[in-house]
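Colleague: One-letter residues, chain by chain:
Number of protein chains: 2
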Amino acid sequence: MPPRTTSPASVGARLIAVLDAFTERAPALTLSELSRRTELPLTSTHRLVGELVAGGLLERGADGRYRIGLRLWEIASLAPRGVGLRESALPFLEDLYEATHQHVQLAVLEGREVLYLERISGRDAVSIISRVGGRLAPHATGVGVVLLAHAPVEVQEAILAGPLRRFTPKTVTRSSELRRILADVRRDGYAITDGTVETVALSVAAPVRGPADTVVAAISVVVPAASAQPREIVPAVVAAARGISRVLGAPSARDLGRTVRRETHRRDLAF
Amino acid sequence: MPPRTTSPASVGARLIAVLDAFTERAPALTLSELSRRTELPLTSTHRLVGELVAGGLLERGADGRYRIGLRLWEIASLAPRGVGLRESALPFLEDLYEATHQHVQLAVLEGREVLYLERISGRDAVSIISRVGGRLAPHATGVGVVLLAHAPVEVQEAILAGPLRRFTPKTVTRSSELRRILADVRRDGYAITDGTVETVALSVAAPVRGPADTVVAAISVVVPAASAQPREIVPAVVAAARGISRVLGAPSARDLGRTVRRETHRRDLAF
DNA sequence: CGCCGGTTTCCGTTGAACGGAAGGATTGGC
DNA sequence: GCCAATCCTTCCGTTCAACGGAAACCGGCG
Chain A
1 MPPRTTSPAS VGARLIAVLD AFTERAPALT LSELSRRTEL PLTSTHRLVG ELVAGGLLER
61 GADGRYRIGL RLWEIASLAP RGVGLRESAL PFLEDLYEAT HQHVQLAVLE GREVLYLERI
121 SGRDAVSIIS RVGGRLAPHA TGVGVVLLAH APVEVQEAIL AGPLRRFTPK TVTRSSELRR
181 ILADVRRDGY AITDGTVETV ALSVAAPVRG PADTVVAAIS VVVPAASAQP REIVPAVVAA
241 ARGISRVLGA PSARDLGRTV RRETHRRDLA F
Chain B
1 MPPRTTSPAS VGARLIAVLD AFTERAPALT LSELSRRTEL PLTSTHRLVG ELVAGGLLER
61 GADGRYRIGL RLWEIASLAP RGVGLRESAL PFLEDLYEAT HQHVQLAVLE GREVLYLERI
121 SGRDAVSIIS RVGGRLAPHA TGVGVVLLAH APVEVQEAIL AGPLRRFTPK TVTRSSELRR
181 ILADVRRDGY AITDGTVETV ALSVAAPVRG PADTVVAAIS VVVPAASAQP REIVPAVVAA
241 ARGISRVLGA PSARDLGRTV RRETHRRDLA F
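Protein chains in written order, with UniProt numbering: chain A, 1 to 271; chain B, 1 to 271.
Just so you know, these hints were derived from the structure itself, not from any lab.
There may be inaccurate statements among the hints.
[Stated by the list, open to error] A few chain A residues that don't get close to chain B, going by computed Cβ distances all over 10 Å:
#1 Thr-30
#2 Leu-42
#3 Leu-48
#4 Ala-158
#5 Leu-164
#6 Asp-184
#7 Asp-188
#8 Gln-229
[What the hints assert, rightly or not] Here are some, though not all, of the chain A residues that point toward chain B, as calculated from beta-carbon distances under 7 Å:
#9 Arg-67
#10 Pro-91
#11 Arg-123
We put the CB at the ideal spot given by N, CA and C, even for glycine.
With the hints as constraints, model all of the structure from the sequences given.
Modeller: Next up, the structure:
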């Protein structure tokens, strides 16, 4: 019997391919959908999926579809750059939210994209496309330019080189202009982007620093573009960012005569 | 050469074992620590970990230790019972938080334990041991008894049969008593547990229902046990729970003359 | 009933996973 | 400075678990 036909990657890579098949718009898939998406033989998919279900990483619903399992979520909650950071930041984000009642966001740079870790949304805030666990292009978003401004040069150059996607007429798509903006952000310590992702939304963002004083995350408040004075909330955003940095142990944010907040028990974070 | 010595589980199971090795108190591990914890040969661990890193599920820090990767966190954010639920619930939890400034929690039943999906904590709220992504025994916690009261009978009986761990002098450890409490919770539609996990904390909890009207989650507010009138916040907690149920599409929670909140775009949740 | 899409079971083949051995790289003790 | 201990990585021959085609199974539907 002529056995081998296709037989690609390592077993681990295949398992990961299965997990990767799930997306925001396809969070529940049948076996054959999975097989098609991963381009793996049906039989193999069947076996792989079986293992994942056994391990709890995948769950099978009453409808026969597979979904990402809670066990996976649970393991993920141990990701230091994910939940650890989130935990430290949340109280400050709460404060910002109570003060503004607009979207408050926390994001990091992952690869060449912005990954949103947390968002607190007012019920009546402008609608925006970012999503917790979602990604967006750095050049267009408030948190993006802040993160990019402090990213390793390789990353900066890579993004400046590549094409800059246009989201709205106001999106910055010329690399020279972006370069200038990044310099401004470094100088000012915050960024204001107006309508670069969605015309109706304006973002005020500031950097969060880790123990080595490097920028590990960024926070932002997104307000309606029409709103009165965005500059008014800059101090609040910057202060919150600094507060988070202090909790994370950033030297540059250490007690500068401000009220010392309750000491949160830090673990082995090591950003 | 006599090759095989030990050689246990399937490759998938091994990969999962590696992920499982990470815990709350050990979120960063060296290769050999992983090897020991998983009881896998060092060489094998090395290879497995390599695959996981390649897939982004694990990250390797500057210190050489491995950590759960952001990519994993990202995939996990697609878990319907995790983030989906959280997303729907968050605005209501915010409301509760603003009203009380105490701990506000969201939890589900996973296996025989309570899994905490979300927590918003006031800076000065009582200290409690639950953690987002953490587990606790159902019989002792506020959300736990609510979830248990509406759990499948098998689960109820399993827990009633097993030993009920004592956390404080007030913890309910007699199954007959627990049985009675569960009945009360079903009758009343909410639960108040006083000092059963930590003597200083009192919890007010209520059930959240899904599209099939089954209880899919529970929320609670944890206040100092010394605080004045816990009963006063019962209506708020119950109302929030009902609000979340409505967003999830629970028939029993459909518009009962209350203000209809902004329609949130539901996806393919299928609890 | 016969067709169709999806799912599961079976099983013979073989190449990818396996782990022991050995070699580097670091750290620390004396 | 040397030796010992610990951790990490590379190499490679053996073999067994992963692999996927074939075929049965299972509703739904016309």
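Colleague: Tell me, which hint numbers fail for this structure?
Modeller: 3
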